[in-house]
Amino acid sequence: MRAIEVKDDQNLRAKSLRYAHDHFGLERALRLSLSGYGEKDWLINIPLWAASGLRAYLRNQ
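Numbering (the numbering used here), first residue to last: 1 to 61.
Just so you know, these hints were derived from the structure itself, not from any lab.
Do not take every clue at face value.
Straight-line Cα separation of at most 20 Å, SDA-like style, residue types lysine to any residue; simulated pairs [what the hints assert, rightly or not]: (1) 15 to 31; (2) 7 to 28; (3) 7 to 20.
Start from the sequences, fold in the hints, and give me the full structure.
Below is the structure:
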């Protein structure tokens with residue numbers, strides 16, 4: 001199971017996403033935002049412009 005959060009501005013504090021990750025034992029979480037692609041140990045950020053490829057991305061994971 002994965003959590004997905006969508007942010008519509010540059011404020012990327014993932015407070016609720018972090019809570020879901022910590023309390024529900026999620027392996028990774030996805031965030032779509034205006035920022036570029038990036039990975040942390042528990043979080044993957046995907047730029048909003050790439051949202052149309054999200055289904056293919058999730059299939060390959």
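Next pair to validate is residue 15 with residue 31; report whether the Cα-Cα distance is within 20 Å. Holds, because 12 Å separates the two Cα atoms, which is no more than 20 Å.
Measure nothing beyond the straight line between the CA atoms of residue 7 and residue 20; if it is 20 Å or shorter, mark the hint as holding. holds, 16 Å
For residue 7 and residue 28, compute the direct alpha-carbon distance and say whether it is at most 20 Å. holds, 17 Å
In summary, this structure violates none of the numbered hints.
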